[in-house]
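> Model the full structure from these sequences, guided by the hints.
Numbers 1 to 102, taken from this note's numbering, label the letters of the sequence shown in order.
Possibly wrong hints are sitting among the right ones.
As the list claims (entries may be wrong) - Each pair of labels, with its calculated beta carbon distance range:
| id | residue 1 | residue 2 | range |
| --- | --- | --- | --- |
| 1 | ALA72 | ALA18 | 11 to 21 Å |
| 2 | LYS26 | VAL53 | 11 to 21 Å |
| 3 | ARG76 | GLN50 | 39 to 49 Å |
| 4 | ASN74 | ALA18 | 30 to 40 Å |
| 5 | TYR84 | ILE49 | 14 to 24 Å |
| 6 | ILE5 | SER31 | 18 to 28 Å |
| 7 | ALA72 | LYS26 | 31 to 41 Å |
| 8 | LYS26 | SER57 | 12 to 22 Å |
Worth flagging that the hints you see were computed from the coordinates, not collected in a lab. Ideal Cβ placement from N, Cα and C applies to all residues, glycine included.
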Amino acid sequence: MTMEILTAILVFITGIYAYLTYQMSKISERSVQIMNEQTEAMSRPYIVIQPIVRPHSPCLYLKIYNSGKTPALNVRLELDKDFYQFDEPNRNLKNTSAFTST
Numbered sequence: 001m002t003m004e005i006l007t008a009i010l011v012f013i014t015g016i017y018a019y020l021t022y023q024m025s026k027i028s029e030r031s032v033q034i035m036n037e038q039t040e041a042m043s044r045p046y047i048v049i050q051p052i053v054r055p056h057s058p059c060l061y062l063k064i065y066n067s068g069k070t071p072a073l074n075v076r077l078e079l080d081k082d083f084y085q086f087d088e089p090n091r092n093l094k095n096t097s098a099f100t101s102t
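See the structure below:
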C-alpha cells in the first residue's frame, strides 16, 4: 500500500514537472521570437526626410538619408502636384531626374 501511494505521488510530481517544462519552453520560444523581431527592427533601413532652412536664403532644402543599418532598396521620390522652381513655368521640379527616374 505504501508503495502505491509513493508511486502516485511520484506520478503527480512528474506531471507537474512536465507541465512546468512545457510552460518554460513556450516562454523560451516567445523570447526568441521577440529577439528576432528586435534584431530585424535594428537592422532595417530607416529613411529620414529632414527640411533644412538656411539663414538669409529663400530656399528650402530637403535632406534625405538612410539612418538604418542596411541599404534602402527601391526608393522612389514623387511629387503629386506641380512645383515650379522660382515660379518659372519651364522649371517644374516634378519633371526633374530626382522625381522621374525609376
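> Hints first: check each against the structure and report whether it holds.
Hint check:
Look at ALA72 against ALA18: about 48 Å separates their beta carbons, and that is not inside 11 to 21 Å. Between LYS26 and VAL53 the Cβ separation comes to about 53 Å, which falls outside the hinted range of 11 to 21 Å. Here the CB-CB span from ARG76 to GLN50 is close to 18 Å, at odds with the stated 39 to 49 Å. Checked against the hint of 30 to 40 Å, the C-beta distance between ASN74 and ALA18 comes to roughly 50 Å, which is inconsistent with it.
Distance hint check for TYR84 and ILE49: the Cβ-Cβ separation is about 21 Å, which falls inside the suggested range of 14 to 24 Å. Hint check: ILE5 to SER31, Cβ distance near 39 Å, so the stated range 18 to 28 Å is violated. Hint check: ALA72 to LYS26, Cβ distance near 36 Å, so the stated range 31 to 41 Å holds. Distance hint check for LYS26 and SER57: the Cβ-Cβ separation is about 60 Å, which falls outside the suggested range of 12 to 22 Å.
Checked against the numbered hints given earlier, the structure breaks hints 1, 2, 3, 4, 6, 8 and satisfies all the rest.
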